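Protein chains: 2
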Amino acid sequence: MAESIIHRLNADAEGFDAELDALLAWEAVSDAAVANAVESIVEAVKTRGDDAVLDYTRQFDGSTASSLSELELPTARLQQALDAIDSELKAALEHAAERIRQYHAHQKQESWSYAEADGTVLGQQIRPLDRAGLYVPGGKAAYPSSVLMNAIPAKVAGVPELIMVSPTPGGKLNEVVLAAAAIAGVDRFFAIGGAQAVAALAYGTETIPRVDKIVGPGNIYVATAKRQVFGQVGLDMIAGPSEILVVCDGKTDPDWIAMDLFSQAEHDEDAQSILISPDPAFLDAVEQSLERLLPTLERAAIAGVSLRERGALVQVADMDAAVELVNRIAPEHLELSVESPQALLPNIRHAGAIFMGRYTPEALGDYCAGPNHVLPTSGTSRFSSPLGVYDFQKRSSLIQCSAEASALGHTASVLARSESLTAHARSAELRWPRK
Amino acid sequence: MAESIIHRLNADAEGFDAELDALLAWEAVSDAAVANAVESIVEAVKTRGDDAVLDYTRQFDGSTASSLSELELPTARLQQALDAIDSELKAALEHAAERIRQYHAHQKQESWSYAEADGTVLGQQIRPLDRAGLYVPGGKAAYPSSVLMNAIPAKVAGVPELIMVSPTPGGKLNEVVLAAAAIAGVDRFFAIGGAQAVAALAYGTETIPRVDKIVGPGNIYVATAKRQVFGQVGLDMIAGPSEILVVCDGKTDPDWIAMDLFSQAEHDEDAQSILISPDPAFLDAVEQSLERLLPTLERAAIAGVSLRERGALVQVADMDAAVELVNRIAPEHLELSVESPQALLPNIRHAGAIFMGRYTPEALGDYCAGPNHVLPTSGTSRFSSPLGVYDFQKRSSLIQCSAEASALGHTASVLARSESLTAHARSAELRWPRK
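The listed protein sequences derive, respectively, from chains U and Z. Heads up, the first sequence is in the numbering used here, so the first residue is 1218 and it goes up one at a time. Heads up, the second sequence is in the numbering used here, so the first residue is 1218 and it goes up one at a time.
Among the hints, a few may not be true.
You can't tell identical chains apart in this list, so a pair holds if it fits in one copy or across any two.
Calculated lysine to any residue pairs in the SDA-like style (CA-CA distance at most 25 Å, straight line) [said to hold, decoys possible]: (1) Lys1307 x Gly1388; (2) Lys1389 x Gln1505; (3) Lys1468 x Glu1636; (4) Lys1325 x Leu1390; (5) Lys1372 x Phe1277; (6) Lys1372 x Asn1564; (7) Lys1372 x Arg1516; (8) Lys1468 x Glu1256; (9) Lys1307 x Asn1253; (10) Lys1325 x Leu1561; (11) Lys1468 x Pro1386; (12) Lys1307 x Glu1327.
Since the hints were derived computationally from the structure, they do not count as laboratory data. Fair warning: this is a prediction, and the values are worked out from it, not measured in the lab.
Model the full assembly from the supplied sequences, consistent with the hints where possible.
Laid out in structure tokens, this is it:
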């Protein structure tokens, strides 16, 4: 029997749970050699600053710079890249940036407070971070869209200084990435990368300012360095492979659905594409579309492995069973290719982003619909959210009591004494002596 | 020269920056032996479930239970504890809980969406987590106030199932902790603790359901276990020692300020208390108060070490210099014991909680003012926020486009092709063919 292009499962078949679990299982490779190498790099940057970053950049990226400041690109250089790129591409980047900006403006949170009868004021002061760092991979994973998606929420939050780093092996700059940085309002750009760039942003060096939070994807060295500086600096999530879960009632063009599955599978061989439908004939039709279209893809080799290893077409009894499966999988991307997606929404508990209706391919959300494409993977949408403006704001509680707050003072005193924290109790009792 | 009770610094003196850095420096001890022990425990619980949790609970807590279900306390038992405690203490807990609930209700976020002219709908669906786990330490660090502060935001968020775990060495239950759990609405209570309890919550066992997020403080084993299950489950921050920074204009009773410093110092020997004032005579007066009052404290031994090792009275030129220092330190607790604290507020960029005016000792915020007492420590208020309702909610992006969204389709297609992700481009082009 020829190996099939994708797994076929039936949710009502015996052994389905175990089969699905095996398909979903994914654990990040943790490599002791990488961890040790990264540890030395982080330590060197922490103690030797600029010199260490420069040494590693010469070593790993073949840089010939003699000081770190030579690796900073002036913002005029970013603007120059924007002015020079193809005009249709420039218009597309600007269209996307404007929509991302508009959508994210809805996420900005404002300080709030309220007063009580005795004059007590309570609330939260909400402020942007002082400084954020954006890591952008070099080489084939350098996506201009990621620059927009990571940088714009920081700027909407009001972060005054956004510092971007990106490795440039052999000094080769990606002009579209620079153009996206110009559009997004990146304030400073350093052509450095790897664990050394993460460490420089986390601890600061003579040339590179310490940031409060580092966002953006990276390879295993970058991800490991992020784990090691956790606590010293804020971090976004550490992403696993990308996934899409499509739920279809069987009435969307099977070629459209096949291409949506491919659009995830083409990312990399670990990516995961799953289709759920109550209609077995539709699953057959999509399987045929996949077979027919795969050879026409530019990235057929990658998509083919991804589908064969991690993809699945799953038959379910009905839409209720489909929704139950959605909540169990907690997908990064959920496409509801059905007649009335709004009707399913109240029952969807877990998903990073929900693409509703037949005319919302995931690609729109990846680039330009407005919402962020940085989303929780590997089932973490159970407890995590898309990257947003809220990730670049933080809150301080506000508490102001008056001489009239004796009832509060009394309660604090009773509770503190029950916990044997008597200096706590006495700090209240000094102000409001017990009667 | 007799050793002084607390460091005295002057922000304008030579060497101040280095002195302050040394005082603030704190790094969590990471212990390879602990990490290895925790790794075996987590692995055992992951693979052997109930049996492993029971074995460790018998071994570490001296339990004689023969099944894990024996270690679950029915909610009636929590209510029974509440009915039996001292009535003044019960009233104080209920007063605190009600205020915490009211304040946190202001933090609850609602789903939002908007429609565009061509029918595109964008927004975010905001939902509570399905299930949260609350770790409460046993022994001397078992604080009923922490039960309220961790559990109430989860319940305000609408988390349907809140599972509390707490070790009970020798089977000894803390009745006030149980009473607080009853008030806070904890749904299930297991008398287990340590790394085995964290692992059970993260992975689930036959008896203990898997949760989506684990919150609450714990010892080095608990903190290490939390780091190890990071990614599998959501986590709150991992806290360092508690700190207070008081800014005073010199016109508050020095005994009040001394007691506020003690209320932090009595927590543990690593706790940090710092006072900043432009008035050197006031700093002298507070130092005298500290010396006079220290011997009267129940926890004088702990507070004495904390003040001597990590405490400081810092003279600054003026209030602007004080605010600058606040932003540099980014304290967990900031007390603005001045005439017009509101005037300073716009310039305060980093603090976990801000206590304003002479009648707002930190103890009010620890117990009953309403805001949360779980706050970012060790300078992490630069990028982190107090624990809140938002920590128990998560967001899904919503995107619904129509057949009229050809402009979006075109932009997605152009950008996807520029990134060589042609299946992405074609998923848009199939719906909106290029002209």
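Now the hints, each set against the structure:
{"no.": "1", "hint": "Lys1307 x Gly1388", "result": "within (23 Å within a copy, 68 Å between copies)"}
{"no.": "2", "hint": "Lys1389 x Gln1505", "result": "neither (42 Å within a copy, 65 Å between copies)"}
{"no.": "3", "hint": "Lys1468 x Glu1636", "result": "neither (63 Å within a copy, 31 Å between copies)"}
{"no.": "4", "hint": "Lys1325 x Leu1390", "result": "neither (33 Å within a copy, 45 Å between copies)"}
{"no.": "5", "hint": "Lys1372 x Phe1277", "result": "neither (31 Å within a copy, 50 Å between copies)"}
{"no.": "6", "hint": "Lys1372 x Asn1564", "result": "between (34 Å within a copy, 20 Å between copies)"}
{"no.": "7", "hint": "Lys1372 x Arg1516", "result": "neither (34 Å within a copy, 48 Å between copies)"}
{"no.": "8", "hint": "Lys1468 x Glu1256", "result": "neither (53 Å within a copy, 49 Å between copies)"}
{"no.": "9", "hint": "Lys1307 x Asn1253", "result": "neither (42 Å within a copy, 53 Å between copies)"}
{"no.": "10", "hint": "Lys1325 x Leu1561", "result": "between (28 Å within a copy, 24 Å between copies)"}
{"no.": "11", "hint": "Lys1468 x Pro1386", "result": "neither (48 Å within a copy, 60 Å between copies)"}
{"no.": "12", "hint": "Lys1307 x Glu1327", "result": "neither (33 Å within a copy, 36 Å between copies)"}
Checked against the numbered hints listed earlier, the structure breaks hints 2, 3, 4, 5, 7, 8, 9, 11, 12; every other hint is satisfied.
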